[in-house]
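Trainee: Take the given structure of chain G and dock chain H to it, following the hints.
So the sequences go chain by chain: G and H. The working numbering applies: residue 1 is where the first sequence begins, and numbers increase by one. The working numbering applies: residue 1 is where the second sequence begins, and numbers increase by one.
The hints are simulated quantities; they were obtained by calculation from the structure and are not laboratory data. Quantities reported herein were computed from a predicted structural model and do not represent experimental measurements. Glycine included, each C-beta is placed from N, C-alpha and C at the ideal position. Treat the hints with caution; some may be incorrect.
Sample of chain G residues with no beta-carbon within 10 Å of chain H, all distances over it, derived [to be verified]:
{"no.": "1", "residue": "N114"}
{"no.": "2", "residue": "T115"}
{"no.": "3", "residue": "V125"}
{"no.": "4", "residue": "G234"}
{"no.": "5", "residue": "I296"}
Below are the DSS-like pairs computed for lysine-lysine, each with C-alpha atoms no more than 27 Å apart in a straight line [said to hold, decoys possible]:
{"no.": "6", "chain 1": "G", "residue 1": "K253", "chain 2": "G", "residue 2": "K303"}
{"no.": "7", "chain 1": "H", "residue 1": "K77", "chain 2": "G", "residue 2": "K188"}
{"no.": "8", "chain 1": "H", "residue 1": "K145", "chain 2": "G", "residue 2": "K188"}
{"no.": "9", "chain 1": "H", "residue 1": "K80", "chain 2": "G", "residue 2": "K188"}
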Amino acid sequence: MFTAIFGSFEAGIIYAIMALGVYLSFRILDFPDLTVDGSFVTGGAIAAVMIMGGVNPYLATVVALLAGFLAGCMTGILHTFGKINNLLSGILMMIALYSINLRIMGRPNISMLNTDTAFSKLEAVFEKIGIDAFLNNLLTIVGLGDSLPETWGVLIMMLIVTFGIKFLTDWFLQTEIGLAIRATGNNKRMIRSFSANTNLLTILGLGISNALVAFSGALIAQQGGFADVGMGIGMIIIGLASVIIGEALFGTKTIVRTTLAVIGGSIIYRIVVSMALRFDFLDPGDMKLITAIIVITALTMPKVLEHSKEKKRKARRKAEMLNILATSVKGKGENHAAIKSDS
Amino acid sequence: MLQLNQIHKIFNEGSPDEKIAIDQINLSLKAGDFVTIIGSNGAGKSTLMNIISGGLFPDVGEVYIDGNNVTNMTEYKRSKMIGRVFQDPMAGTAPSMTIEENLAMAYSRNKTRTLRRGVTNKRREYFREVLETLHLGLENRLSAKVGLLSGGERQALSLLMATFTEPSILLLDEHTAALDPSRAELITNITKEIVDRYKLTTLMVTHNMQQAIDLGNRLIMMDKGQIILEVNEEQKKHLTIEGLLEEFKRIRGTQMASDRAILS
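Excised from the complex, chain G in its bound form:
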């Protein structure tokens, strides 16, 4: 149980970077960008190929991020200069990236077992300085000694990286350029009348969004030890699920709060999925179905709850009104009786 939750946390915090990217395109730019399914793999593919080619894993991860940026920019260019519908430009880019990813990898699957990745290097460091041992001792003391995680390195490092990206995003969206990007998603006509080039801002926004997605893809590939050309299928829905779950549970009052909510949503999504997969009749292939059901629930439940609340309130109001009416009628009846007895 603890191992499962620990694993969900670990994966959730890495996927959270992807979810932040989806948040940027979907919510900030109001652009349903399906490029994500492709750019996530691009990130993983580039990291895997470069790492297997002997390049420093950290450098490979940064290159993956830049490649994602380019992919996002392409989608933006298709939409703004090519005047192609936003959904369609994302789908086109996703399809194109499938082939490009295959070209990058040269084969559908690359394994990185027994190779140094960003994480394996880190795990070694954590073991050496004894943080793992220390935290595992703590767990043993609180009685979780029988399910100790292999390493704390990934989780701790990723907490730092993901929150670093969160704070960068928060800061960026408050800058002059960031404000203009937000306005581009909110009211294009208005920000254009304040001398902002909405085309460029859309391209930049999508670039940053897909850079984060590819970055996340590169990290996931290294954590899992492989890159697969199909690893991005449904990624947009997972990102969306994280955004929607997070927003529903943690609120969207400010940008700072919302980005935190997205990270939380990503972790909770992983926990829900891993819990669901513990049922015997479900197998890993059902994951996409579970995801779809989670998203549908997160999208419809708030409205259903609101509706039933409203109904209850109305029923209560009605009962109150009837009550008042009943007492006043009763009062009249008594009056009648009094008059009758008098006469």
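Mentor: Showing chain H alone in chain G's frame:
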């Protein structure tokens, strides 16, 4: 300040729906001119505004702002020099952003946007100051989302955002038409005040004849894509609604087509 030379614009050219929207219009505004434009629906008023702002490009003719030929300049570049308020109160602001963020975006209009913070403490003070001039209490709600404001408040904010960077040209496109009469009057008064304060060169389209007569120092009447009447500063002082309708009848030989224009 603003000069339009022989502007000509046709919509749907070559199709049965062909329509001459602007027919050989010449117009010149001096610095500080406040011109009101009236005319019935389809007279070409909005098209003219869009040609000035860069939302549409003329088929023939040139647009000059501050002596520069801006005919082929894109809308976003041109809007460094042009402040604009739309008819729809929702159009001029970003609803899910706060009042101060909206002002910050407007403040960056004539500057290059950078990675500096949009709302700094210094700017916030300045925003508070300019908001006070609206007398709507918005200066105390700087971090409220604009979507929570009423239509009148949003339009007042749009007007402020369009003007406080002192653009070369201010375009008002029926900016009081979607408001109830008392709010419309409030916005009209604020308009007068702001245009006076910054000495803005202004072009205002309106359906309300009384407003067209009360505001500004010049008035033009448009019909079927042409300017059919120009009233200068001296004549405008003695202008009445009846006089305007009479004038229209004399020029065109028919009654003015729009009930909306007559009734308002």
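Trainee: Of all the hints given earlier, name the ones this structure violates by number, lowest first.
Mentor: Of the numbered hints given earlier, the structure breaks none, since each of them holds.
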